[in-house]
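> Listed here are the chains, written in short residue letters.
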Amino acid sequence: MKLIKAIKWTIGLTLLLAVGMGYASEKAAEPVAEDTSWQFHDIVDMEFVAQHVKIPMDENVMLIDARPRQTKYDSGHIPMAVSIPDTQFEKMTDRLPKDKNLLLIYYCEGLDCRLSHKSAKKAEALGYTNVKVFAEGYPKWISAKGHYPSVSVEWVKKQIDARTDMVLVDSRPRRTKYDAGHIPTAVSIPDSEFDKHIDLLPQDKDKLLVFYCEGFECKLSHKSAARAIEMGYTNVKVFSEGYPAWAAHLKSQGQAPVAVKAGKNEGSIDIAEFEKMVTEHPESIYLVDVRDPDEFATGSFKTAVNIPVDELEKKLDMLPTDKPVVFVCGTGARSGEAYYMVQDLRPAMKNVYYLDAGLTLKKDGSFVLKKLPE
Amino acid sequence: MKKWIVIALTFVFVSSAIGVGFAMEPTGNDRKGKYTYRKVYKACMARGEVNSETPPVSPIAKTQAEWVRVFEAKDFAEFGCAPEWEALTDEDLLDIFTYLHNYAADSPAPATCK
Numbered sequence: 000m001k002l003i004k005a006i007k008w009t010i011g012l013t014l015l016l017a018v019g020m021g022y023a024s025e026k027a028a029e030p031v032a033e034d035t036s037w038q039f040h041d042i043v044d045m046e047f048v049a050q051h052v053k054i055p056m057d058e059n060v061m062l063i064d065a066r067p068r069q070t071k072y073d074s075g076h077i078p079m080a081v082s083i084p085d086t087q088f089e090k091m092t093d094r095l096p097k098d099k100n101l102l103l104i105y106y107c108e109g110l111d112c113r114l115s116h117k118s119a120k121k122a123e124a125l126g127y128t129n130v131k132v133f134a135e136g137y138p139k140w141i142s143a144k145g146h147y148p149s150v151s152v153e154w155v156k157k158q159i160d161a162r163t164d165m166v167l168v169d170s171r172p173r174r175t176k177y178d179a180g181h182i183p184t185a186v187s188i189p190d191s192e193f194d195k196h197i198d199l200l201p202q203d204k205d206k207l208l209v210f211y212c213e214g215f216e217c218k219l220s221h222k223s224a225a226r227a228i229e230m231g232y233t234n235v236k237v238f239s240e241g242y243p244a245w246a247a248h249l250k251s252q253g254q255a256p257v258a259v260k261a262g263k264n265e266g267s268i269d270i271a272e273f274e275k276m277v278t279e280h281p282e283s284i285y286l287v288d289v290r291d292p293d294e295f296a297t298g299s300f301k302t303a304v305n306i307p308v309d310e311l312e313k314k315l316d317m318l319p320t321d322k323p324v325v326f327v328c329g330t331g332a333r334s335g336e337a338y339y340m341v342q343d344l345r346p347a348m349k350n351v352y353y354l355d356a357g358l359t360l361k362k363d364g365s366f367v368l369k370k371l372p373e
Numbered sequence: 000m001k002k003w004i005v006i007a008l009t010f011v012f013v014s015s016a017i018g019v020g021f022a023m024e025p026t027g028n029d030r031k032g033k034y035t036y037r038k039v040y041k042a043c044m045a046r047g048e049v050n051s052e053t054p055p056v057s058p059i060a061k062t063q064a065e066w067v068r069v070f071e072a073k074d075f076a077e078f079g080c081a082p083e084w085e086a087l088t089d090e091d092l093l094d095i096f097t098y099l100h101n102y103a104a105d106s107p108a109p110a111t112c113k
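Protein sequences, first through last, are from chains A and B.
Residue numbers 0 to 373, in numbering that gives the first Met the number 0, belong to the letters of the first sequence in order.
Residue numbers 0 to 113, in numbering that gives the first Met the number 0, belong to the letters of the second sequence in order.
Excised from the complex, chain B in its bound form:
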């Protein structure tokens, strides 16, 4: 019985740690995330879904908390280009999240234009 409680608690701890991966201070690579984020739209434009390589949502479109919610829910509908988003690895998503979070509207260094 005790063993099962330990396993259950471990599972809960690990699950929540994974779940809050986006909620904690971002640990990805924001430089790489910026490149990967833009690459999504280059590929999407090449496929013909969008007309511009420029990502439609800028980091300053949301606050850091809002970016956390988007990535926790993995709700990328507003970004379009679903096939490209689905093809991203967890590491890619963490890098993109780190980039968007670090340059969010309420971040110490909000993204200006680039």
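The following block holds chain A by itself, in its conformation from the complex:
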């Protein structure tokens, strides 16, 4: 009897458990309502963004990259976008327009990225009335045919320092802009002469090409980049902030142009000043030893590069414009010739000097300077 009772209890409990489990599994199968409260209420698509990405950018629109700057924005962002990382929002509100009715479009790293939504909400809380989020963000933008990334000044500097295998192209007019100052290692291919200098582009279509011109207002680098993509280049970027941002960056890094004291003769550097510079701050000037290679081999300044005067004309583009260039030789004859060559062929390059003195250089880099007879 007891056994029958025990069996009944067991069956009853089993049934109860089965019903309970069934209910539970039924509950699990029911879709859980997704929490979308983190999303911003006004989402736009790529077509909308494409309408507003113009060069120069419409004054009534600001496109804002809410991603982290160093890891995302620097190496690739939508052209004309400014960087206001969501984590830095409160610190960077001064970057937002004063007119709170202007259109702000935020984006970040795609549909799962919440940064642009968070920033948009913060902007709205500040009183901005026309805020949108391009939720599909950068991945969607860059996947479209013909689109290319823009890169930051920090990224460009990093590539130059790391000697990345790339071709940096200055798309501005040569005489008035490039010759007056350009980013080191850049080649001059003015957009207006793109076809004429096409041979300066690499044969390898996968090689990294970076175009720049005169800043956010300048279309030239974008036009040239589009041409390069049409030609089949697959790794094209534009440094949209361009040369003004480069010059400002150098200044902020304490690398503002070094003031050079001129010597008595036209184009010459003051001899005492030169001696002080090469002794105390040799990196502050770009020293070019224009003697022949066999003479250079017997000794020169440790920071000097050897460009014999006979080869200088072909290598004028190598001369940097971010620091003074000083030509040296044994007597001032060839260095003077080099100076006048620059005056003749790159007249816009103003920060150039030559050493008008007797100079004896030793193998260990030490030197003796002698004033020449008048």
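Everything labelled a hint here was simulated from the structure, so no lab data went into it.
Bear in mind the structure is a predicted one, so any value in this text is a computation, not a measurement.
Where a beta carbon is used, it is the ideal one built from N, C-alpha and C, also for glycine.
Wrong hints could be hidden among the right ones.
Dumping the calculated BS3-like pairs for lysine-lysine here, alpha-carbon to alpha-carbon at most 25 angstroms [stated by the list, open to error]: (1) A/195 x A/157; (2) A/313 x B/61; (3) A/206 x A/144; (4) B/61 x A/195.
On the chain A side, residues computed to face chain B include the following (Cβ under 8 angstroms) [claimed, not checked]: (5) 310; (6) 332; (7) 372.
Following the hints, complete the assembly by docking chain B onto the known chain A.
Leaving out everything else, chain B in the frame of chain A:
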């Protein structure tokens, strides 16, 4: 009459001053002159008249007095490349003269090779 004599004397003085421009201590820019001198032959080679960019006559090919005579007479036949020489301005010629004169064979610092 007196006025005419003064004018004539002034003319003679100015003419001789110009004439001896090359005879006096050179006042041009020898550094620039060296570049301009070599540029003449670069242009000449580009035109196809000569085969080398190197100027055919070195400063030490003549004494200072000989350079003065060449430039006073403006006789540049031995230099070849006549169109390029004719295109030079007086300032260019003075700079080239100053360079050649300052590094002449009997100068304090005769040009060696460069």
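> Confirm or reject each hint.
Hints, one by one, checked against the model:
1. A/195 x A/157: violated, 30 angstroms
2. A/313 x B/61: violated, 32 angstroms
3. A/206 x A/144: Roughly 18 angstroms between the alpha carbons, so the hint for residue 206 of chain A and residue 144 of chain A holds.
4. B/61 x A/195: violated, 45 angstroms
5. 310: This interface hint is violated because 12 angstroms lies over the 8 angstroms limit.
6. 332: holds, 6 angstroms
7. 372: At 7 angstroms from the nearest chain B Cβ, residue 372 of chain A passes the 8 angstroms test, so the hint holds.
Of the numbered hints listed earlier, those contradicted by the structure are 1, 2, 4 and 5.
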